[in-house]
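Which chain is which? The protein sequence lines are A and B, in order. Here the first sequence is numbered in our numbering, starting from 1 and rising by one per residue. Here the second sequence is numbered in our numbering, starting from 249 and rising by one per residue.
Hints in this document: simulated from the structure, not taken from any laboratory. Nothing here was measured: the structure is a model prediction, and the numbers come from that model. A portion of the hints provided could be inaccurate.
To be verified - Now the in silico label distances, taken between C-beta atoms and shown as ranges:
| id | chain 1 | residue 1 | chain 2 | residue 2 | range |
| --- | --- | --- | --- | --- | --- |
| 1 | A | Glu-84 | B | Thr-365 | 20 to 26 Å |
| 2 | B | Glu-253 | A | Cys-138 | 56 to 62 Å |
| 3 | A | Ser-21 | B | Arg-383 | 36 to 42 Å |
| 4 | A | Gly-37 | B | Tyr-378 | 28 to 34 Å |
No residue lacks a Cβ here, since even glycine has one placed at the ideal position from N, Cα and C.
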Amino acid sequence: MISLKDIWKSFGDNQVLKGISLEVERGKILVIIGPSGSGKSTLLRSINHLETIDRGEIWVDGVQVNAPLKGRKFEKHINRVRQEMGMVFQHFNLFPHMTVMENITMAPMLLKKIPREKADAQARGLLEKVDLADKMNCYPVQLSGGQKQRVAIARALAMEPKVMLFDEVTSALDPELIGEVNKVMKRLASEHMTMLIVTHEMRFAAEVADHVIFMADGVIIEEGPPEEIFSNPAHERTRRFLFEVFKS
Amino acid sequence: MQGLEFSVVFENMNILLHGMFWTVVLCSSASLLSIVVAVVLAMTGISKLKPLRSATFFFLWVFRGTPLLLQLFLFYFGLPQIGLYLSPIITGIIGLTLHFGVYNADVLRAGILGVETGQHEASRSLGLSYFQTMRKVIIPQALRNVSPAVGNNLIALLKESSLVSIITVPELTLSAQRAISETFRPFEFYFAAGALYYVVNWGLEFILQRVEARTALTR
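Isolated chain B, as found in the complex (with noise of 0.2 Å):
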């Protein structure tokens, strides 16, 4: 038996604060992408043009449907061979933003339907077109009314994020892996890497925790 020790750990923080740095990077930007694919897919999804709404359902189902890691598989290993090469960071991205922007879509898309239509008609009233009612009106109340479940969606987003591991984004989790194959300390790593993890989403729950503040006095 060898024992705990975790004067490792603090030796070989660099890597693990190296993988934090892009573990937060790869989150932020999927995060807020995320909400912007919500947004573009909850406006097609309830658009009178039916092929448009026909063609978003497709998407949403088919992306519901299948894994996160076989979606990211497809998208590094799949894509090449139709001469798309993507770096693993971009392609992590992009992954984690269809992913999770298709659960934020369904979300949003609920509560823009729940926006009374009094503000529809009030807009209209006032003479803003249809695309500047959404823009002005509709979507910043659907997104304020929504903002509890877009967070939890974005929570589940960091911690998924560790998948993205498995296509080589130099991550927390690879970057704990990659610390333990060279002092053979696993328990210690895979620990702390846990115990950063917990503090990224506690600045994330401190962020949504202000935006629900903020918001809750408008709505």
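One chain only, chain A, in its complex shape (with noise of 0.2 Å):
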């Protein structure tokens, strides 16, 4: 569903992703963790071109993603890929002049065309499904961190998209709020959603995750099972990483 063959990516002298290569097959669960700084954050905006990538390609449900194509013809072929990805940031990015629901609605309806009663109705299904049914009439200044966040996902997920990157979503969370997250992440994925995690929450990627990937200063050092990665680490630094995230 989601491949990336040999990324590079830098910031000026700053090189971020050398030569990274993954796989995401269809309604598996790709968790990446590493420390701060190790490029996982600008790997996963790279799937959705909020990151320009250096070199490499990136493929999603087989259509190339950072195609080969130049000024208005790319811009329309990135906006209907991007319809075809859900993204969820760290700060939520709600927008902040538009009622819960207004938030869900505007995409379908703008990009999809879709009536109004329709696109409502379908928010309200969403809503529920992130438990905040009692919400759609509430602005997001009015919402706590974690019902944010679910709102967020709620708003990803109407554009009905093949697949869900998240970047660092409960980072900006109190400790509190995280469980309600993660619980609507779990919840998608035991409904087989294609999932892209970034995520400094190991607990709950060792549930979720269906494979782990341990990134380092922009390379993979180490992948497999979440059983296999977070028990038995193969590589000192993946052992060490883990063991500085336990010992707090």
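Put the two chains together into one complex, using the hints given.
In structure tokens, the structure reads:
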């Protein structure tokens, strides 16, 4: 479903991705862990072309995201491709001037020309799924962090994406709110959504992942099923990282 | 010494009210249009295309650097020389729109740049184009953020609108002058006109407060 081939990316002199390749199969969940600055967020963001990579190929559902097109043609292409991918951000990025309902229905109504009644009905269904049916007329400022993030997930799901990308979605949350967001993600997992998750939540990663990648300094150090990575890591660098994380 | 006699104002009230009507028409259209102009100029001012950006800055520089009165003279007396005849009221609306559109554009440009990049990213990640993102996500937020500053500009617009009396727009100031030329009572009529400007201003501030209150929750 998602296939990255030899991805390279630098910010100025800083080489953040050094030849990353990975695959995510349909309905599977890939979790990327690693220390800050390892390039995992940059990698996730480049799948959605929020970062432009220097070299390599990004394929999602048989379509090359970084297609060799120019100017307006590429813009059209990327807008279409992005509609197939849901992205959830660390800082939620809900639209503050829209109600919860409008946040969710805006894109389907604008891009898929879905009539309001249908979009509203769909949004109500999604809000139920994220346990926020009673908040549909609220503005984001009236919600807690956990609620905001669940709305953001519903907003991404409203475009009926083929894959979901999660960029450290619980990192900005108070500890007691992390659970409710994780619960929603687990629910998605049980529905066989293809997901790529960047997270610092090791316990959550161990629970939901089909496959775990440990990244550091722009390369994949080690990958495998979660049992293996978490209980019996092969590399010293992975062991050190997990030790530091679990120590706290 | 003549003494003050305000009853003459009430006898000629219809002249003043007529002028006030035109002031309201003039200012409400120029206010709304100046915001439209501001949106366009703010967008071209942050465009990726260098020529468009340069043209915008040149335009802003010209309109900010010259007096409104001179701009009005140029439109009203100068344009007919190149075959463009505009009625006084249209000239007045255009003049006020461009002059204050430029001020609002500057404010709005800062407002657009003040919207977090996360908002762009969230919108683009859903598949919205640059222009859809601007229209649905960025500009509405920018307008909310700068509404107090734009409000100040609109209050200034209302007061500066008295300048268009000089190009014979029958607005409040010119109406007062006409009433004075009939009655020779400058103090009373200028005073009354001032009071009516204050009333219009009051209405405008009421609207602005409503707008701010309504958007306070959503910022």
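A quick look at each hint next to the structure:
For the pair Glu-84(A) and Thr-365(B), the supplied restraint of 20 to 26 Å holds, since their beta-carbon distance comes to about 23 Å. Between Glu-253(B) and Cys-138(A) the Cβ separation comes to about 60 Å, which falls inside the hinted range of 56 to 62 Å. For the pair Ser-21(A) and Arg-383(B), the supplied restraint of 36 to 42 Å holds, since their beta-carbon distance comes to about 39 Å. The given range of 28 to 34 Å is respected by Gly-37(A) and Tyr-378(B), whose C-beta atoms sit roughly 30 Å from each other.
Checked against the numbered hints listed earlier, the structure breaks none of them; every hint is satisfied.
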